[in-house]
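If you want this note's numbering, it's the 1-based position in the first sequence plus 1206.
It should be emphasised that the hints constitute simulated quantities derived from the structure, not laboratory data.
Among the clues, some could well be false.
[Said to hold, decoys possible] Using C-beta positions, here's what the derived DEER-type ranges look like:
1) L1607 with E1629: 14 to 22 angstroms
2) T1219 with T1268: 24 to 32 angstroms
3) M1207 with G1545: 52 to 60 angstroms
4) E1525 with R1365: 55 to 63 angstroms
5) F1573 with R1384: 52 to 60 angstroms
6) R1365 with E1473: 19 to 27 angstroms
7) E1519 with R1546: 31 to 39 angstroms
8) A1566 with P1397: 32 to 40 angstroms
All residues carry an ideal CB built from backbone N, CA and C; glycine is no exception.
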Amino acid sequence: MKPIYIYNTLSRTQELFTPIVPGHIGFYTCGVTVYDYSHIGHARVYVTTDVMRRVLKAAGYTVTYVQNFTDIDDKIIHRSAAAGIDYHQFTEKYITAYKEDMAALGIIPADVYPRATDYLSSMIGMIEAMISSGNAYVSDSGDVWFSVATTPGYGKLSRKKIDELIAGARVDAVVGKRCPSDFVLWKSAKPGEPNWPSPWGNGRPGWHIECSAMARDLLGDTIDIHAGGEDLIFPHHENEICQSETVTQKPFVNYWIHNGFVTIKDEKMSKSLGNFFTIRDVLSTVPAAALRFFLLRSHYRSPLQYSIEGIHEANTALEKLLNTITTHHHSPSPSDDVGRLIADCTDAYWTSITSDFNFAEGIGVCFDLSRIINTYSVSSAPLAEMLSILGFDVPDAQESLPTDILDLLDARWQAKLSRNFSEADRLRNLLIEKNIIIEDTKDGYRWKRKGT
RNA sequence: GGCGGCAUAGCCAAGUGGUAAGGCCGAGGUCUGCAAAACCUCCACCCUCAGUUCGAAUCUGAGUGCCGCCUCCA
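Hey, can you work out the whole structure from these sequences and the hints?
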């Protein structure tokens, strides 16, 4: 089990990761509200957490990864009504689309994709507990509110003070709400809205309670890692904490991880600003691996400026690495010195990716290793392993060719040595027709498959 | 108004006390029958001003610029 360091939003410092159960990790990431196609900002979070999972697994842990779908909320209600279809059919469409987009990006599916509407009874149970402990109250309209003032540690994640929240509250007074900072746990149904029965009348859950309930049901009272975009720190994650902790009386999450935003012209990519690009639109113009590489080339907590030029550049850079792997050297001859250089790279790579998941630095090491492999004509397997952890499909570097191809390669090399260039070129063209590209080097030649 | 974050080369981007990784672009070179690739060399007064220190991109203070959260948001 290799040590992992994680920057914990709760402490605002990098900490040595220690799981609750040795060798196993419960990992929860806030998923999307399924009312539209996902954009590049979403892609960043899920590509990042995908590689985090891969690193944790490679470090020797087993990981249970849970990612929810918020399949009921105001936007879903409005948009499905506008489309004239049932909310469930509506969300089904976008859940399918989401899974397609993630698959295209090479993201390993979650172990569980819980949907809010499948966990109503757990949510209701938690809300009842909050009411009986005096942390929540029911208003005349049948809405249930969480009383923030009754939670001593409120604000510990976002570092906000309750009085300041109240003083600076931009929210208009809501009927039934005792304090501006209180938030809704259960909303009574308006006419025509989807609703479910509860002790407080028909209605639907507030947003925050779903994650508290689903995380608890699937991963236990305390989970190891909880991730999401940094816009979720407040109020979503802050509220999850107070809900869960008032019910269980245990810490909700040990390590909080938050992603920086994808920006466009220095502004956050978001639907309300209208400056977003959907994953499927972008992938219609660039390879998915290029987008993945683009997202991984900067640290996950830094803002990332979106640009199609940046993705093209990432593609060029990635191809350089893949080229190193797909090129088969004719004369491998590793030495102890070179072996040490490679080992140094491998060590540096591991240090990077386990130091708060510094994939950008790790990628830098990949280029160093690439140069070593090309310079000394040695096996590219260590580089393939590195890229594989980052989630790139790497061709089999140890692939062997059919004997007829090998014979052609050899014949062409002999022709070249005897300076029979017309025959050498004829054989080279023959090989190109068979998708084999030859590149001569100082000491011999190497080959790779066309288009890889 | 409150809280938080960011500012490194033409562009992208690592680096949290010891004289600036990596990639893209550009320039020159090596190799070479051709082709392709690769390799080598070159390209940074780390936003400003003070301060701490033997030593700061890295710590402290002030300033400037930009962004985010406080309302749905990955």
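Find the hints from earlier in the document that the structure breaks and name them by number, from lowest to highest.
3, 4 and 8
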